[in-house]
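Enquirer: Chain residues, written in single-letter form:
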Amino acid sequence: MGLLSDGNTKRVVLVLSHDYVGDDLLDEVKKLVMSGKARRLTFYVISPDGRPKYFQKLRPMISSIISTSFTVVYGGSTAEDLRRLLKSIDGGIVAAIIVGNCDEFKEILESSGINYKVLG
Amino acid sequence: MPDYEVIITSDRTMMSNHHGKEFLGFLTTGPALFLPERMWLWLAAPKVRVDSEGRPVEAPYGLRKVEAKLVDAGFKAAIVDPDYLEKHLGSVKVLMVGHHDFFAYGPPSNEWWLLTGKEPVNRVSFINFMRSDAVRKIKGKGAKIIVGGPAAWQWLWELNFWEEFGVDTVVDGEAEKVIVDVVEKALNGDPLPDYISVGPLDTPSVEEIPTIKGASVNGLVEVMRGCPRGCRFCSVTLRPLRHIPLEVIEKEVKINLMSGVSSVLLHSEDVLLYGGNGVKPNPEPLIRLHELVRKNFKGPIAWSHASLASIKYSEDNYGLISKLMNDYVLNDEQKFLGVEVGIETGSPRLAKSVMPAKSLPYPPIKWPDVVEDAFSIMHENYVIPAATLIVGLPGETPDDVVKTAELMDKLKYYRSVIVPMFFVPMGNFRNRDWFNKHYLTSEHVDLMLKILQHTLYWAEDIMNKYYVKEPHLAPVRLCLKLFLQYVKWRASKLLPTLTATVTR
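Just so you know, the sequences run in chain order A and B.
Numbered by the working numbering, the letters in the first sequence go through residues 446 to 565 in order.
Numbered by the working numbering, the letters in the second sequence go through residues 157 to 660 in order.
You may find that some hints are simply not true.
If you want a taste of the chain B side facing chain A, the calculated C-beta under 10 Å gives, among others [what the hints assert, rightly or not]: (1) W309; (2) V323; (3) D328; (4) Y351; (5) D358; (6) P581; (7) R588; (8) E599; (9) S648.
No farther apart than 25 Å at their CA atoms in a straight line, the calculated lysine to any residue pairs in the SDA-like style are these [what the hints assert, rightly or not]: (10) K476/A <-> G545/A; (11) K475/A <-> P550/B; (12) K498/A <-> E314/B; (13) K475/A <-> N284/B; (14) K475/A <-> S391/B; (15) K333/B <-> T454/A; (16) K455/A <-> S509/A; (17) K498/A <-> K295/B; (18) K475/A <-> W590/B; (19) K498/A <-> N284/B; (20) K476/A <-> N284/B.
Chain A regions said to be covered by chain B (calculated; three or more residues, Cβ under 8 Å) [stated by the list, open to error]: (21) 491-498; (22) 505-514; (23) 517-528.
What the hints contain is simulated information worked out from the structure, not anything from laboratory work.
A virtual CB, placed ideally from N, CA and C, is assigned to each residue, including glycine.
The following block holds chain A by itself, in its conformation from the complex:
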C-alpha cells in the first residue's frame, strides 16, 4: 500500500489563523513525532491564507520533521470547509491543533467529538 493510502498514517487537523506567527506549532508537532505515535502523518490545513500561501506558516514545521514521512493537504479556509473536511476524513484523527483566535472552529471540533489544543 502506498504512502498516500497507508492505514498507519496518523491524521492531524491544523487550523491556522491569519495573524499567527510563532514556534509553538512546531513544538507541538515535534512532541507528536517524538511520541512515536506516528510513522507517517497527514496534516489537513484550514487557513484563510489560501493555497499555497499557507505554507509560509508551515515552513519551520516542515523543516523540522526529518524522520517521518508526511503529506500536507489543504482543506479550505472557513468553518464550513472544516465541517466538510471532518466529514470526508474517515476517522483516525490523532490531534487537532488550533493556532490563534478561531472560536467558531473550536465549536465544530467539539461537536465532532475531536479533542483539540489551542496555541498562540
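For chain A, the structure is supplied; the task is to place chain B on it using the hints.
Expert: This is chain B only, laid out in the frame that chain A set:
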C-alpha cells in the same frame, strides 16, 4: 506516435549533457557573465539529441528513475525534451518536472547570485520554462503539475511561483515508493496532497529501485544510495545506505553505451565505499566494479563523489587508488579521472561538531592531515578533484576560518579546483539560518581570495593539459579560456566591494 499521458521533463539547464563534460554543468549555477545569456546557455547546457517524439537520447538520471518506475507500473510515461512538449499536448494529463536547483537556492548557485547580484542561469531558465507557451497550454487543458527532486524544498520559499505556475503537488525525497500512487490519483482525478515528504523509513529497498529504460546524462549510473557519514549539513545522509548489485549496474552501463553515450560516471556520495564495510573501503568490490566497466567500455570513467578519508584509507592500506587508476582507469583515451570531494572546513573543532564521521576511520582532530594526504594521493594518481568548502557553517568562529585558510596554503601544490559555498540549511541543519554576504568577515574574504587564486591557477593548468581537448570542442575551450580571464579581471574589481561589505 504513442499517447503519453505522463510527461516527465525539466528546463534546458538540466536537459543537457553539457558537451559531454559534467563539470561544465556547473556553469548553469552562475549568472551569464561576459557573454549574452543565450551564448552562456550554449556553453553550459547545449541542446541534446532527441528522437522523432522529442524524447532525449540522454536525460537526467533522477528523471530516468521516475520514468522507469512509472513505465514498470504500466503508465504511458516518457521523458520529453522541454522544446518538444507541444507535440504531446493532445495526450498529456500529468506533467512532472524535476530539478536539482529549481530557484538557485542550492550551493553554489546562491553564492554566485549573492556575490554578483545577478540571477543564476538555472533559475532564469527554469522560470522561463514554466512560463513557456507549452507549459501554460498543458496547465490550461487541466493537466496536473507535479514537481520534485532534491530541490523540492525550494518551493516552500517561492509560493508566488507555486501559485503562478499552478503546481498541484510537490514531492520531496526519494520518490520510488510514492510516485505511482500520486500519478494514479492524478490520472483518476482524485484530490492530490499539496506536499509529500518521504522520510527515511519510506525510502525504497534496492529491489524497489527500478533499472533505467533510456540513457542518462553522461552515462551516470548509481552504484550506491545514501551515505553513512552523517554530516549534519547534508540531506543525503538522512537516507539509509544501499549498494546497487553489480548486475544492475552493468545493465545500466550497457543501456547507456547502446544509446551512444561515450562515458561512464559512477555515482555515489562516496564511490570508494561501494561494497565497503561501513566507512572503510573494501578493495574487492571496487575492483570488480571497475573491471565490469572496463569489460564493457574503453572510454572515460569518472566518479561523481568520493570522500577524502576513503581516498587516504584505501591508498594507505591497499594501494587501491594507484591500482584502480593504473589497472582500470588510465589508458590511451583517458588521462585523468574527475571527482567531487568535500573539504568543508580546515578546522578540526568545527569538523568534530558538524561532520564528526567525515574523517572516519581517522579522528576529526586529524581532518586537515586527512585532506592534505588525500590531495597528495590524488595529485600523484591523476585524480582531479573539484572540492567544496562551506563558508558560514553553524557554530563557525573566525579561528575556524583561519584554520581553513591555513589548510588552503598546504593544498596549493595539488592539482584541484576548489569552490567555496555559502552555507545552505539542509539535512539536520534544515531549520538553521542561511549564510549571506552580510555575515562575511575579513577572515572569510582572505579565505575566498586564497581559494580563487588556487582555482584560477589550477584551472588553467588543467585546461592546458587535460580538459576539453577534443577538436570539435575548440569553441567551448576558447570560451572557457576567455571566461577564466574574465574571472581574474572581475575578481580584482570585486575585492574592494567585498572589503567594503566587511568593513560596514
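Enquirer: Determine for every hint whether it applies to the structure shown.
Expert: Hints, one by one, checked against the model:
no.: 1; hint: W309; result: holds, 8 Å
no.: 2; hint: V323; result: holds, 8 Å
no.: 3; hint: D328; result: holds, 8 Å
no.: 4; hint: Y351; result: holds, 4 Å
no.: 5; hint: D358; result: holds, 5 Å
no.: 6; hint: P581; result: holds, 7 Å
no.: 7; hint: R588; result: holds, 9 Å
no.: 8; hint: E599; result: violated, 29 Å
no.: 9; hint: S648; result: violated, 39 Å
no.: 10; hint: K476/A <-> G545/A; result: holds, 19 Å
no.: 11; hint: K475/A <-> P550/B; result: holds, 22 Å
no.: 12; hint: K498/A <-> E314/B; result: holds, 9 Å
no.: 13; hint: K475/A <-> N284/B; result: violated, 38 Å
no.: 14; hint: K475/A <-> S391/B; result: holds, 19 Å
no.: 15; hint: K333/B <-> T454/A; result: holds, 15 Å
no.: 16; hint: K455/A <-> S509/A; result: holds, 18 Å
no.: 17; hint: K498/A <-> K295/B; result: holds, 20 Å
no.: 18; hint: K475/A <-> W590/B; result: holds, 22 Å
no.: 19; hint: K498/A <-> N284/B; result: holds, 22 Å
no.: 20; hint: K476/A <-> N284/B; result: violated, 42 Å
no.: 21; hint: 491-498; result: holds (count 3)
no.: 22; hint: 505-514; result: holds (count 9)
no.: 23; hint: 517-528; result: holds (count 3)
Consistency note: the structure conflicts with the earlier hints numbered 8, 9, 13, 20.
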